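Take the sequences, apply the hints, and build the full model.
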Amino acid sequence: MSEDAILEMRAITKEFPGVKALSGVDLAVRRGEVHAICGENGAGKSTLMNVLSGVYPHGSYDGDIVYDGEVCRFGKIADSERAGIVIIHQELALSPYLTLAENVFIGNERAKGGWISWHRTENEAVTYLRRVGLHDNPGTKAIDVGVGKQQLVEIAKALAKDVRLLILDEPTAALNDDDSAHLLDLILDLKAEGVTCILISHKLNEIKKVADRVTIIRDGRTIETLDREEITEERIIRGMVGRDLTSRYPDRTAKVGPELLRIEDWTVHHPLDRSRVVVDHASLKVHEGEVVGIAGLMGAGRTELAMSVFGRSWGTDISGTAYKRGEPVNLRTVQAAVRNGLAYATEDRKQYGLNLIDDIARNISAAGLGKLSRGGWVDQNREHVIAERYREQLKIKTPSVSAIVGKLSGGNQQKVVLSKWMYTDPDVLILDEPTRGIDVGAKYEIYTIINALAEQGKGIIVISSELPELLGICDRIYTLSEGVITADVPRAEASPERLMQYMTRVREEDHL
Amino acid sequence: MSATTSAPAPQKGAPAPREGALQATLGYLTGQLRQLGLFIALIAIVILLQILTNGVTLSPRNVSNLVVQNSYILILAIGMVMVIIAGHIDLSVGSVVAVIGALAGVFNNKMGLPWLPTIVLCLVAGALIGAWQGFWIAYFKIPAFIVTLGGMLAFRGLAQIFLHNTQISPFDEAFRKIGSGFLPDLGGGTSYLEPLTMILAVISVVALATLGVGARRGRARNGLAQEPLLWWLGKTVFMAALILIVAWQLASYRGTPIVLVILGALVIAYSAVMANTVFGRQVYAIGGNLRAAELSGVNARRVNFLLFVNMGVLAALAGLVFTAQLNLAGPSAGDGFELDAIAAVFIGGAAVTGGIGTVGGAIVGGLIIGILNNGMTILGVGTEWQEFIKGLVLLAAVAFDVFNKRRASRSAT
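From first to last, the protein sequence lines are chains A and B. Quick note: the first sequence uses my numbering, first residue 1, plus one each step. Quick note: the second sequence uses my numbering, first residue 513, plus one each step.
Don't read these hints as lab results, they were simulated from the structure. There's no promise every hint is true.
[Said to hold, decoys possible] Computed Cβ-Cβ distance ranges for the label pairs, DEER-style:
no. : chain 1 : residue 1 : chain 2 : residue 2 : range
1   : A       : Lys371    : B       : Tyr651    : 22 to 30 Å
2   : A       : Lys397    : B       : Ala721    : 56 to 64 Å
3   : B       : Ala732    : A       : Arg325    : 40 to 48 Å
4   : A       : Lys371    : B       : Ala732    : 21 to 29 Å
5   : A       : Pro490    : B       : Phe657    : 52 to 60 Å
6   : B       : Ala732    : A       : Tyr323    : 44 to 52 Å
7   : B       : Lys917    : A       : Gly242    : 45 to 53 Å
8   : B       : Phe657    : A       : Gly146    : 45 to 53 Å
9   : A       : Arg325    : B       : Gly669    : 52 to 60 Å
10  : B       : Tyr651    : A       : Gly406    : 45 to 53 Å
11  : A       : Lys255    : B       : Ala721    : 50 to 58 Å
12  : A       : Pro258    : B       : Ala732    : 44 to 52 Å
13  : A       : Pro96     : B       : Phe657    : 16 to 24 Å
[To be verified] Here are the simulated SDA-like pairs of lysine to any residue, each with C-alpha atoms no more than 20 Å apart in a straight line:
no. : chain 1 : residue 1 : chain 2 : residue 2
14  : A       : Lys371    : B       : Ala784
15  : A       : Lys397    : A       : Ile357
16  : A       : Lys371    : B       : Arg766
17  : A       : Lys324    : A       : Thr267
18  : B       : Lys917    : B       : Ala553
19  : A       : Lys350    : B       : Arg803
20  : B       : Lys689    : B       : Glu806
21  : A       : Lys371    : B       : Phe791
22  : B       : Lys917    : A       : Ile357
23  : B       : Lys689    : B       : Gly700
24  : A       : Lys191    : A       : Gly32
25  : A       : Lys397    : A       : Ser409
26  : A       : Lys407    : B       : Thr865
27  : B       : Lys653    : B       : Val864
28  : A       : Lys371    : B       : Thr789
29  : B       : Lys653    : A       : Gly32
30  : B       : Lys653    : A       : Arg312
31  : A       : Lys350    : B       : Glu806
32  : A       : Lys208    : A       : Ser180
All values derive from a computational prediction rather than experimental measurement. Just so you know, even glycine gets a beta-carbon here, dropped at the ideal spot from N, CA and C.
Next comes the structure, spelled out in structure tokens:
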């Protein structure tokens, strides 16, 4: 098909129970090029790379992987690494308390008969670290260097495995501008040395800088592959979002009332790296009866913004002011936030939203026990009555409200989370990815609930990775890019292309 | 007494349209396998030992001894199960028992304080010890394992310092009563059965039945699913019979031990706290998913702190009871109590990962250990074999749990 392809993936199809993550994806990568892969969150990029690197073994997917002219059947990651394919995941995989040298050779130790040769480890580590531009002492512990350097150590680790095809999944998502620029230069250096590179990125400016070609993936399908001269932001965005908006959203006529909540000049720093600004002087507001969306790509700071507002549950050095109905309001602890009529339904139900080993009724009452109790005693009969009420109202599919939450489906778990917060009778609900991982039918039900809440005069903030969803249910949409609110778009003026432009806009001048 | 009364989980599915009460009951019981298994194990052990010891196990004198001699472990187990539900552990309670015993000796014997100030001061000391450990655990986020391991060493040392490495004895008559005293004998010591004990037993049975009926009425009024009637009846009758049998044996001996009254009050109060109060809910919520609890507005630090203060007070109480029973404060008092209490909690069905457990379960777990100890001592089994067998029982109980959980998750999917 193409001249001198190092890799061809042909008609790759991968199914998970209930979901078709990839359906017939084709990808051809030429030897020595930097090939970018673009797509929305959930388009299937990571799944495709996991198929390639053997995370999903041969046999668990359909289609062929042709690498260096041979059909490959990788059964595990070690197989693909032996062939010179190394993937560096978004979440760095360094062992924090081991030294840089030890990390470079993790799983690939310089050893003889099980005994590690420390001289070789150290000497060779220095060589590899130099190649990626790191001049730190190889005896430094990984935790003592910044994220940017850790990312470089990951690449040194890949070089130590004699990498020929390097896959980088969102390598700059956690990096600041300098570190990002340095990393991109390194990618070009490696290309000059003959390393082929697949770069998964949301950041269109980075792609324009380093990529020779771009393949766009949407909804588990290859849309098109662009050559360098064809690469334009407009073209990529159209490819990423150009899905038909036939998915249905319930109708609602907004009755927008007076202002409910306003956040001004909200700035949040990363809890582990205080120098990193994650939310940068953000200001936003929501009115009674209004559904407001926050659109942003992975790493834009959406969840961080929401959680820092909700009782400072995330981040350090938080500054800014919150106003409720025009008056400054204390949201410094979760208790204060709940008391002042705020609710936050997390994007990660299992980690942050539910007590999975407890039953539905107790999960629903968890945030509103104050209303259910007198003198510290919980009225358990009323608790069950209320749980039954939400079960009917939200159509939670369960034989009994005494069922354990961990055994419910994702959609039903999400309804339990919503019930929990609805019971606290908040004025403002922040819903973080309310439909993530749930099926289409349940999604429609969740939208209906959101509409009903807005109808009651509540202010709703919806964070979502799915632009059609935001366009389908919101009255206004804020776009967030690298912690900065780049636009406030009314629904009438919003289109996926326009939003994506703002979501990928990089800050012109430094706000620091 | 057991936590079954407090957590009336309705049967799976809406109340089946009269498919026969027996089937409904049986279906319900499979969901209650764990609790049922624990109880059956306890009864089986009692019957086995009763046969092996030719009736000594359930003799009036031995029943009385069983209650008295296990009381301090059971008191510790109540505090321990709460700590473990929240996802922590407390290794220091044995040493706290020793320190409190030493303090009681200093107050009561050396300084000549009467029993009441001695007890109050010791309970306050327990609260301070708990607050000290709770401070590091809750506000400094040092794992409880470390903090209480340090406490285990430090308080053992402190006990020896207070005692100047000797023993303090005796204690005055009134103080000793909380360990080995009995309620006054209304029959004047001449009646066949001590009347007060039987009166208390009848009152308990009536209260048990009334509360049970009240709870069922409340659920019915709100249109909620009930426990199957047959199961509830059986359970209540069984509990009543148990109370009456134990009371009969106690009444045939010297009446009601004072520590039984203390223990009974604690079990009722703490079962209620864990099952019915906001605080109890918050303990389960923290143990089940700490982040989710915090994001639901639970002040986890405060809850953790209070849990350890509470554990300190209960450990102090256990120390007082133990010291009063022995009529002696020694530097090695309470050695290994923490392990007995922790074993009781896990035999009683608590999860190592937190979020699961009941006060009633911990008490039954503690009774299983206590009765095994007692029976094997009567049979003349050496302590080496006693330890060995207790170890196997603990492992078997938790293995049964794991097996049961796996079976349940398999049938669910």
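Consistency of the hints with the structure:
1. A hinted range of 22 to 30 Å holds for the C-beta pair Lys371 of chain A and Tyr651 of chain B, which are about 29 Å apart.
2. As the Cβ distance of Lys397 of chain A to Ala721 of chain B is approximately 38 Å, the hint placing it in 56 to 64 Å is violated.
3. Between Ala732 of chain B and Arg325 of chain A the C-beta distance comes to about 44 Å, which sits within the given range of 40 to 48 Å.
4. Hint check: Lys371 of chain A to Ala732 of chain B, Cβ distance near 24 Å, so the stated range 21 to 29 Å holds.
5. Hint check: Pro490 of chain A to Phe657 of chain B, Cβ distance near 55 Å, so the stated range 52 to 60 Å holds.
6. Against the hinted window of 44 to 52 Å, the Cβ-Cβ separation of Ala732 of chain B and Tyr323 of chain A comes to about 48 Å, which satisfies the hint.
7. For Lys917 of chain B and Gly242 of chain A, the hinted distance range of 45 to 53 Å is satisfied, since their beta carbons lie about 48 Å from each other.
8. Restraint check, Phe657 of chain B to Gly146 of chain A: a C-beta distance of roughly 32 Å breaks the suggested window 45 to 53 Å.
9. Look at Arg325 of chain A against Gly669 of chain B: about 59 Å separates their beta carbons, and that is inside 52 to 60 Å.
10. Between Tyr651 of chain B and Gly406 of chain A the beta carbons are some 31 Å apart, a value that contradicts the proposed interval 45 to 53 Å.
11. Take Lys255 of chain A and Ala721 of chain B: their Cβ atoms lie about 56 Å apart, and the range 50 to 58 Å holds.
12. Between Pro258 of chain A and Ala732 of chain B the beta carbon distance is about 46 Å. The supplied range of 44 to 52 Å therefore holds.
13. Judged by the Cβ atoms, the range 16 to 24 Å given for Pro96 of chain A and Phe657 of chain B holds: they are separated by roughly 21 Å.
14. Of the supplied pair hints, the one linking Lys371 of chain A and Ala784 of chain B holds, its CA atoms being roughly 19 Å apart against a limit of 20 Å.
15. Between Lys397 of chain A and Ile357 of chain A the CA atoms are separated by roughly 18 Å; this keeps the pair inside 20 Å, and the hint holds.
16. Under the criterion of a C-alpha separation no larger than 20 Å, the hint pairing Lys371 of chain A with Arg766 of chain B is inconsistent with the structure, at around 48 Å.
17. Taking the CA atoms of Lys324 of chain A and Thr267 of chain A, the gap is near 18 Å; set against the 20 Å cutoff, the hint holds.
18. A hinted pair counts as satisfied when its Cα atoms are at most 20 Å apart, and Lys917 of chain B with Ala553 of chain B qualifies at roughly 18 Å.
19. Taking the CA atoms of Lys350 of chain A and Arg803 of chain B, the gap is near 10 Å; set against the 20 Å cutoff, the hint holds.
20. Between Lys689 of chain B and Glu806 of chain B the alpha-carbon distance is near 44 Å, which puts this suggested pair outside the 20 Å criterion.
21. Restraint check for Lys371 of chain A and Phe791 of chain B: satisfied, since their Cα atoms lie roughly 14 Å apart, inside the 20 Å limit.
22. Proximity of Lys917 of chain B to Ile357 of chain A is assessed by CA-CA distance (about 11 Å); at most 20 Å being required, the pair is judged to hold.
23. About 18 Å separates the Cα atoms of Lys689 of chain B and Gly700 of chain B, which keeps this hinted pair within 20 Å; it holds.
24. In summary, the hint linking Lys191 of chain A to Gly32 of chain A is supported, as the alpha carbons are separated by about 6 Å, within the 20 Å threshold.
25. Between Lys397 of chain A and Ser409 of chain A, the direct Cα distance comes to roughly 9 Å. Compliance with the 20 Å bound is thereby established for this hinted pair.
26. Restraint check for Lys407 of chain A and Thr865 of chain B: satisfied, since their Cα atoms lie roughly 18 Å apart, inside the 20 Å limit.
27. For the hint linking Lys653 of chain B to Val864 of chain B, the alpha-carbon distance of about 19 Å falls within 20 Å, and the restraint holds.
28. Of the supplied pair hints, the one linking Lys371 of chain A and Thr789 of chain B holds, its CA atoms being roughly 13 Å apart against a limit of 20 Å.
29. Between Lys653 of chain B and Gly32 of chain A the CA atoms are separated by roughly 51 Å; this puts the pair beyond 20 Å, and the hint is violated.
30. Proximity of Lys653 of chain B to Arg312 of chain A is assessed by CA-CA distance (about 18 Å); at most 20 Å being required, the pair is judged to hold.
31. Note on Lys350 of chain A and Glu806 of chain B: the hinted pairing holds, with a Cα-Cα distance of about 14 Å set against a maximum of 20 Å.
32. Taken as a hint, the Lys208 of chain A and Ser180 of chain A pair is honoured in the structure, with Cα atoms around 14 Å apart against an allowance of 20 Å.
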